[in-house]
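**Q** From first to last, the protein sequence lines stand for chains P and B. For the first sequence, counting from 1, position 277 maps to 277 in this note's numbering; every step adds exactly one. For the second sequence, counting from 1, position 10 maps to 1010 in this note's numbering; every step adds exactly one.
In short, the hints are calculated from the structure, not lab data. Fair warning: there could be bad hints in the mix.
[Unchecked claim] Listed next, with one range per pair, are the computed distances between beta-carbon atoms: (1) B:1025 <-> P:279: 56 to 66 Å; (2) B:1103 <-> P:158: 52 to 62 Å; (3) B:1025 <-> P:226: 42 to 52 Å; (4) P:206 <-> B:1156: 46 to 56 Å; (5) B:1022 <-> P:269: 53 to 63 Å.
[What the hints assert, rightly or not] A few chain B residues that don't get close to chain P, going by computed Cβ distances all over 10 Å: (6) 1018; (7) 1070; (8) 1077.
[What the hints assert, rightly or not] The list that follows gives simulated cross-link-like pairs (lysine to any residue, SDA-like), each with its CA atoms no further than 25 Å apart: (9) P:159 <-> B:1140; (10) P:208 <-> P:159; (11) B:1133 <-> P:386; (12) P:426 <-> P:387; (13) B:1133 <-> P:108; (14) B:1133 <-> P:16; (15) P:208 <-> P:233; (16) P:159 <-> P:147; (17) P:426 <-> P:484; (18) P:443 <-> P:106; (19) P:208 <-> P:189; (20) P:159 <-> B:1157; (21) P:159 <-> B:1065; (22) B:1133 <-> P:174; (23) P:426 <-> P:386; (24) P:159 <-> B:1156; (25) P:159 <-> B:1146; (26) P:208 <-> P:196; (27) B:1133 <-> P:136; (28) P:159 <-> B:1134; (29) B:1133 <-> P:426.
Since this is a predicted model, take the numbers as computed values, not measurements. We treat Cβ as the ideally placed atom computed from N, Cα and C, and that holds for glycine.
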Amino acid sequence: MNSLIWPFLLPILTALACSLAFGLPGVGRRVFVALSAAAQFVLALFLAVRTFQGEGVPLVLNIGGWSASLGIVLVLDGLAAIMLCLATFISLICILFSYAETPVRFEQPLRLPLMQLLVAGINLTFLTGDLFNLFVAFEIMLVASYALLTLEANDQDIKEAFPYLAVNIFGSALFLSAAGLAYALFGTLNMAHIAVRAAEMGDAFSVKLVVVLLLVVFGIKAGIFPLYYWLPNSYPILSFSLGAFYSGLLTKVGVYVILRMLCTVFPHTLDGIYGMLSWLAGLTMLLAVLGALSRDFIRGILSFHIVSQIGYMVLAIAFFTPLAIAACIFYVIHHIIVKSSLYLIGGTGLFYNRSDSLARMGGLAAASPWLAALFLLQALSLAGIPPLSGFWGKYLIFATGLEGGRYWLVGAAVLASILTLISMLKIWLAAFWQPAPEGGVSKPTPPIRAMTVLAGVMTCVSLGIGFGAEPVFRLSRVAAESLMNQSQYQEAVFSRLGKEAGQ
Amino acid sequence: MKSVNSFMLRALIGLVFLLVNIISIYMLLRGHNLPGGGFIGGLMTGMSFILLGLVRGWSELQRELPLPPLRMAAFGVLLAILSGLAPLLWGQAFLTQFNFHWTGLPLLGELHVGTPLLFDCGVFFLVGGITVKLVIVLARSTSGLPAFTPGETPYYASTLEGGIEETANEEGDAHAN
């Protein structure tokens, strides 16, 4: 059976069912969407198990029976399988969280279908093996994200959302021109085929030009240093459930595509570009964490942290050794879970204090010791305190950096970690430690308990990554090796063998 | 935007509507190997409805539409996906095409009947529906009406929200920064 298309089709069909059969919000629709999200997660796990049983050899599906480079292929390798699992898991948790966040009668009717469409776009981005199809997947994802961003926005929010829209539309236009340039240069848009042609061209300037153009495009999506200013102001207008989803996944899609392009598609000899990326990554970490220190509401602080953490991942990519790529994948796994759960914890805090502005928060540690414990665990994990998951991610990145003699960059990364810890302490002191504000703290209602449980589930997963760092790192290693192994990828895409394995 | 008050236009619009749609369906059917197809056909049909709305007024157009346009678009996507899924029943890959080549037709000459045509029809409904919906919303809000009719509102807005036109000048900074 062709199972590779289903991670894309299931969310689309769910969104369609939401708009055709159950157009209005209701309990039945909520249950249906939650079941579908759970099914998507199970499917992703199943695909991941199959991929890793094959030691990360990519599974390939030729859509419409057209073989590669003529037709469009979907490719699932180790990294894509990991990302699929994470995306569907986060979407499941965020959908459940949004149920607790909004009562049924106040739910925005378009929110669930759009969330499913967003998941469909993200899943297709992970699966596609074709540059133009990647563009289409990005568009599905971005159009859904534009709509979700402004769904419940007032005019102030729309002002903040505008840069997001403008920058990303510019990015899409640039992507389209880069894809056109790539087609003119390589005569194909299939990634495996581009890899063959690019290897033949060697160090040609034109190849570098295409790489730089594509890096600018994906740098916009990922939020790398000069291109991130759209992010920290636009994410805070989202509700916490959507914020958790956006912050966990959308920028990481950019990181994923950068990994895919540099490791699988283009030759591994672009040293100048790696050097440039590493300095940009260092600047991203430092400047964004300073931004986080300057904010005084939870969503603002967390939004800046997204950018800062992207710096670590890009830094790992820029070191560009197999170990560094594995470290990057490990870091992505750790980061998606931690970031989303911090958002969820912040969202729960919002319901206790009826505000997420630090000046008006307080007393959470007394009101809910569990929530305080969860926050402390995740904040320390984000900062990188052993033995939590963040420590292992950072340790691996620092180790490869020191091995390569990049002392300044490692120093910057350590400094950024300390500043991260300080800004997390800021939330801790203001929201959890200081006495309750005048209005007091809400009593824990059933929705608040449900939110705490969901944040707890995420924290448990994160703890699992921290304490089970070795198996998770082994998975990242397998994924990184198959990601760097261009000939294996090409063989899988072009041969009958790979095709049958995917069917 | 008020409807145009011209007798000639009102009398002829029905004919124009019919002609545009005949050409649009012709475009849809010839699209297998020639320029045309669902996207172009859908755009033309969408345009024909826009003409109708310009002449007769948007509220009347909305009353007369057989199906809410967005529902038609969703139906189109469903049709396209189902036409892609059908080959799975026979163990073929997603979107594998099955055709029956029908020759000797008047006007068209030949017609490929099969899953690609179904897919194209899906695109036709999607593009047509979205075009009509977009233009209706824009036209209604430029003519001072709320973007959605009272019957539609529950499908697009939560009970907490007012129209963006109403809340535009209220103070609403939730972050207090």
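**Q** With a cut-off of 25 Å on the C-alpha distance, tell me whether residue 159 of chain P and residue 1065 of chain B pass.
**A** Violated, at about 35 Å.
**Q** Quick check: does the Cβ-Cβ distance between residue 206 of chain P and residue 1156 of chain B fall within 46 to 56 Å?
**A** Since residue 206 of chain P and residue 1156 of chain B have Cβ atoms about 47 Å apart, the given range 46 to 56 Å holds.
**Q** Run the distance test for residue 159 of chain P versus residue 1156 of chain B: straight-line Cα separation, threshold 25 Å.
**A** 21 Å, holds
**Q** Regarding the pair residue 208 of chain P and residue 233 of chain P, is the alpha-carbon distance no greater than 25 Å?
**A** Violated, at roughly 33 Å.
**Q** Since residue 1070 of chain B was said not to touch the interface, does its Cβ keep a gap of more than 10 Å from each Cβ of chain P?
**A** Since the minimum Cβ distance to chain P is about 7 Å, residue 1070 of chain B lies within 10 Å and the statement is violated.
**Q** Below or equal to 25 Å on CA atoms is what counts here, so check residue 1133 of chain B against residue 16 of chain P.
**A** Between residue 1133 of chain B and residue 16 of chain P the Cα gap is close to 17 Å, so the pair holds against 25 Å.
**Q** Would the pair residue 159 of chain P and residue 1134 of chain B pass a check requiring their Cα atoms to be no farther apart than 25 Å?
**A** 22 Å, holds
**Q** Within 56 to 66 Å or not, the Cβ separation of residue 1025 of chain B and residue 279 of chain P?
**A** 58 Å, holds
**Q** Within 25 Å, alpha carbon to alpha carbon, are residue 159 of chain P and residue 1157 of chain B?
**A** Holds, because 20 Å separates the two Cα atoms, which is no more than 25 Å.
**Q** Can you confirm whether the C-alpha distance between residue 1133 of chain B and residue 386 of chain P stays at or below 25 Å?
**A** Violated. Residue 1133 of chain B to residue 386 of chain P sits at ~55 Å, over the 25 Å cutoff.
**Q** Can you tell me whether the CB distance of residue 1103 of chain B to residue 158 of chain P sits inside 52 to 62 Å?
**A** 55 Å, holds
**Q** Given the hint that residue 1133 of chain B pairs with residue 174 of chain P, test it: the Cα-Cα distance must not exceed 25 Å.
**A** At roughly 29 Å apart (the allowed maximum being 25 Å), residue 174 of chain P and residue 1133 of chain B break the hint.
The earlier numbered hints that this structure contradicts are 7, 8, 10, 11, 15, 17, 21, 22 and 29.
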